[in-house]
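A.B. asks: The lines below spell out each chain.
4 protein chains.
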Amino acid sequence: MAGKVKVGILGATGAVGQRFVQQLEGHPWFELYALGASERSAGKGYAGAVRWLLSTPLPENTAAMQVWPCDVTTQNTPFKECRVVFSALDSSVAGPIEEAFAQFGIAVFSNSKNHRYDPDVPILVPEVNVPHLDIVRFQQQQRKYKGGFIVTNPNCSTTGLVVALKPIEDSFGIEEAVVFTMQAVSGAGYPGVASMDILDNVVPFIDGEEDKLEKETRKILGKVEKANGEEKFSPLQVRMSAHTNRVPVLDGHTMCVSLKLKNKATPEQIQTLLQNYSSEAQTLQLPSAPKQAIKVLQEKDRPQPRLDREAGKGYTVSVGRVRGGSSDPSLCSFDIRLVCLVHNTVLGAAGGALINAELAKAKGLL
Amino acid sequence: MAGKVKVGILGATGAVGQRFVQQLEGHPWFELYALGASERSAGKGYAGAVRWLLSTPLPENTAAMQVWPCDVTTQNTPFKECRVVFSALDSSVAGPIEEAFAQFGIAVFSNSKNHRYDPDVPILVPEVNVPHLDIVRFQQQQRKYKGGFIVTNPNCSTTGLVVALKPIEDSFGIEEAVVFTMQAVSGAGYPGVASMDILDNVVPFIDGEEDKLEKETRKILGKVEKANGEEKFSPLQVRMSAHTNRVPVLDGHTMCVSLKLKNKATPEQIQTLLQNYSSEAQTLQLPSAPKQAIKVLQEKDRPQPRLDREAGKGYTVSVGRVRGGSSDPSLCSFDIRLVCLVHNTVLGAAGGALINAELAKAKGLL
Amino acid sequence: MAGKVKVGILGATGAVGQRFVQQLEGHPWFELYALGASERSAGKGYAGAVRWLLSTPLPENTAAMQVWPCDVTTQNTPFKECRVVFSALDSSVAGPIEEAFAQFGIAVFSNSKNHRYDPDVPILVPEVNVPHLDIVRFQQQQRKYKGGFIVTNPNCSTTGLVVALKPIEDSFGIEEAVVFTMQAVSGAGYPGVASMDILDNVVPFIDGEEDKLEKETRKILGKVEKANGEEKFSPLQVRMSAHTNRVPVLDGHTMCVSLKLKNKATPEQIQTLLQNYSSEAQTLQLPSAPKQAIKVLQEKDRPQPRLDREAGKGYTVSVGRVRGGSSDPSLCSFDIRLVCLVHNTVLGAAGGALINAELAKAKGLL
Amino acid sequence: MAGKVKVGILGATGAVGQRFVQQLEGHPWFELYALGASERSAGKGYAGAVRWLLSTPLPENTAAMQVWPCDVTTQNTPFKECRVVFSALDSSVAGPIEEAFAQFGIAVFSNSKNHRYDPDVPILVPEVNVPHLDIVRFQQQQRKYKGGFIVTNPNCSTTGLVVALKPIEDSFGIEEAVVFTMQAVSGAGYPGVASMDILDNVVPFIDGEEDKLEKETRKILGKVEKANGEEKFSPLQVRMSAHTNRVPVLDGHTMCVSLKLKNKATPEQIQTLLQNYSSEAQTLQLPSAPKQAIKVLQEKDRPQPRLDREAGKGYTVSVGRVRGGSSDPSLCSFDIRLVCLVHNTVLGAAGGALINAELAKAKGLL
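Residue numbers (the working numbering), protein chains in the order written: chain U, 2 to 367; chain C, 2 to 367; chain R, 2 to 367; chain L, 2 to 367.
Just to be clear, a hint being listed does not mean it is correct.
One copy or two, it doesn't matter: identical chains are merged, so the pair holds either way.
As the list claims (entries may be wrong) - Derived DSSO-like pairs (lysine-lysine); straight-line CA-CA distance at most 27 Å:
1. Lys114 - Lys301
2. Lys314 - Lys292
3. Lys314 - Lys81
4. Lys292 - Lys145
5. Lys301 - Lys45
6. Lys364 - Lys114
7. Lys81 - Lys362
Because the hints were derived from the structure by calculation, they are not lab data.
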């Protein structure tokens, strides 16, 4: 383990927390050193505290680790020795806990929504907005954090959307996007969605999700403006209309998108553009970054969550059905329709935060 | 049975055929008199020929009826005595068979797509476009049908959509509609969708469905123009962009819609408009017409297929989540978002055709 | 409402409580007069307190009723005027509340397990063990209840099993039964089973269910012994081995049963016996009793929950696949295999309790 | 590829055929050299002929291979150069095709049922009945096969059952087994089970499956008797009663078993016995053999198909809930209840056949 960065997980027993444990097993740069959960779990061994929901086995060495409170001031807590914590905390408690860890000097990579809209906190997706990471130094200065900082990753559906939209925005400009999602139950955590609500059913509502999808997309695709020693986000002024839905799928959020472009493009151009897209995550060869940020599928009925969510071990966004805005282009104001798919608990949650931390290390922030 | 109109079913053993059998049981105006299916089934009793898929029991008297070929010229066939046939035939065979029945003098109410785009055949939804029925007399004259004619009902998802859109178009005008569907497996017939394709999955593709949804909606919401003894359809020039998807739901198609209106309206105005909508199907008190054409739901997470598909015994369209086009109206070109739900094999198929026949009878065409 | 018996529901907002509301709508003998739920719901209108889960609409007059605490001593509570309460309370609280209502003079028909094994409380299934109802008078005497008493109905899977086994026990005697269940998620209440636990999955464990299935079956199929002014249950000494499982089905418990008989019978004899079975619930023409207590299916792949749970409006037990104990009878000690199906929240819960109350009224106990 | 054994797949485009392709990718001993399918697919590239159903990607080099008819006499067919073929053929055609390949001198490892009950063909499970492989030499002599032979693997549910029962039979003797299955839809191939038959449903019937489960279990757990130059199977005279059911699960057959033993054993003894079980597949370190033939789970609600089917990459049988025959042992003739789980298309089909071939190679038969 010599030389590995010590990392901890806040909220380690929940659905996303388990994904962090899974994704950190055997990580080349990071050593899982501290597990945090609620008072009810603290003091127990992880195996006894967790209801393990993944089909890969609970790593044996993690199973034996002790669970600690999510409090960096607890006596003897291993969190004190961590350089990084990943937060999978519930939003009802995440805010002040994450701040306390950052204040203590720890880099916090959070999957929670609490700090996403802070003016000095980036919502970071390495395949999309690496330059946003720079605001962290301004954040440290503003908040008087010494070594610590807070970086968030977006809502799970936003993650898939912005990866697919980024190359299109860069090359053609997006004027308007109508987005419809079909989201997996794992996105609601555990126990989350009741089986009586989702068997033989869909639920055309996810609380707060449509707002998040619109707001986070604009911030991520926007720019950081620097002036007079101040830094602030300037969101992309893209027009949007979003519909979010829950479907009986375990993992994988599927999104149907209609796009109006500033500069016209054919479906073939968009396909080529997406297929060839390579982000800094690929260039830097971050350990968890997939070879392909985006996989373009040619089959007429793909992507599908069961078949495509594991692409790139869950880190690749799949895009398919790239076509014109309508079967009758003369009666449609949209230029392109497409379907994209993201593994919501890998790239869309724990995996996304993990690549963010890898990026921060590659950039010398850890 | 004295005085009841004798009716037959073409394609009586399939999923939609079974719905016709179910919906015709105890009908006040119609007597089920002839059952037609493929050569393989012809000659058998219905109970032995059908794999009954509905949770209501197979009506006993229908169970004992004989199945005949879908050929009105077969010796002794009871179809010869029918005034009406309902067609649930597969589109690979429906076209010429339906014409032969109309030629024979029988009124054909078809759920198949084959004649939907014929210039003299209406796609009829009684809650929406009753005046289109009139073209039937022109059709008879053109095709030299004596007493017979062909009326179609639309694709199942179109049915739900046009019922929700009609009052809005009439009152405010629709400039553009982006429509996203989550469609039940029963829409694909039986055996239809393989379980391996849909368990823990969604399929973002239904062959030809997006084109149908756009094209049929425009025809149904359009007008019939009469000039120089000719009659023809003038489709509504509404802009559209459609995405159709299959989800693991047994019955009930759910649709998310973003609407740009010609004349602005608030969500409250739209809700009131839809809630109060009453069509000629209601005014004429057609036996299968529901009391409410549209039910507006106030709960934030409705309509849902499992909970709402049986509204009005499957004949009412449910609409919910009527709201503005975006959480930030300044960054959105759409005025209204809503969710609507239709029972795809009742109003969206067999039940729709049945009301069409009831309307034709009320209008003196039978 | 003149002359109708006033009834209340304890635990009216839960999954079984909602079934009570549904089943009591328009009941010829009973008038729903009081709704009770937890302190959190008390004081609200029912429509605002309940998350309605059924596909039939919430009855309008019930929607407007006020929810009261489950306490018969509350000032002005309508429970004081009830002659009967149906209890759908959680077992963590049901015991003393039900006793308090009985003590007050109210007849309690409980779906909860708390009093099922009390030596003076029957587990009653009107199609099976009507004579057990008589112990209620001994109960009243023992407990000094004046007018009040407690009658329970069994666990949902037990209900289906004992209806199928009763005629067989009576005619041939059952030496041993091995029972495997596939139980619907609604049996666990709401929110109950998490979707992440049951999508693409089965769970071969339901806490305490195997014990209940064995113990309750023996009590229900046993006798009441009377001696020296004492009355007590003498359970049937049938040998059993039970396996209970949760499957992704909304409603309807399916059970596979292998039976060793005391006196040999052919599958045909068992089929005829079950088909012709008629219990006192049928003879007395209780309002909710189905025409057929048992429906025997001849199709080789039935009963199935989706297709058969609504038989007799959910009050009929379906039995199918009646066959020998093995394909090689010389290498099997069982005589008969069969599959039976019960609607777990109708006959297996609310509906069962309702028929019990109807029986009590028919027998002059109310 | 030097030195690798050339192998082919018969029925390569079906659900099990795809598993063969997946499991053979990168195999250390075998080189996939020929793909066979129906006339309709022959001549196409594999990628164009198959509807790939697995969540791992179609191996690139296999995608480019040509599909050939399942006929070893076709000119230039690569099957002629194969030493081994794996058969995933439908039972309607498998019988004579497999014989022709064996006659040609090719070792056939078949997942089809056609030859399972031939008196000189073993149903082989390497974790269970390695000695049965020896009958192959007698088969060659009887049938005058030169180098070729036929080995079958059992029905998917049988595979899981016999792995769990073998150590128990060896140590304690099994007098009677009642077996109840909950089987995945992939066991019925593709398209197989219609979604309308299995959503919100279970089907308590699989054609011929109960007979197979009983008959195959007895043959596999039995012995080969040799006398006067003849060899024949002597099935285990275990009493059985089986119930087989289809459930909405993608992969993984779950079985509940009640066992009566010849020599009594406690649940703890059975657990220890199973946990420590190691077969010749493990001793010989066959490439596809898992480290553990059986994994014993201590959690009270396991095994579950979604969580446990991937144990040992799909080659390990999971066993859990090992307990007494009933909660009241005095009223039960069974000694042990347990739940076991097998990945039906890996160990229970393609993977099972693959280990059989590995075993044959290790034993010098290839």
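A.B. asks: Does each hint fit the structure? Answer for all of them.
C.D. replies: Right, here's what the structure says about each hint:
no.	hint	in the structure
1	Lys114 - Lys301	between (35 Å within a copy, 22 Å between copies)
2	Lys314 - Lys292	both (10 Å within a copy, 24 Å between copies)
3	Lys314 - Lys81	neither (32 Å within a copy, 38 Å between copies)
4	Lys292 - Lys145	neither (38 Å within a copy, 53 Å between copies)
5	Lys301 - Lys45	between (50 Å within a copy, 19 Å between copies)
6	Lys364 - Lys114	within (24 Å within a copy, 59 Å between copies)
7	Lys81 - Lys362	within (19 Å within a copy, 56 Å between copies)
Hint compliance for this structure: hints 3 and 4 are broken, all remaining hints hold.
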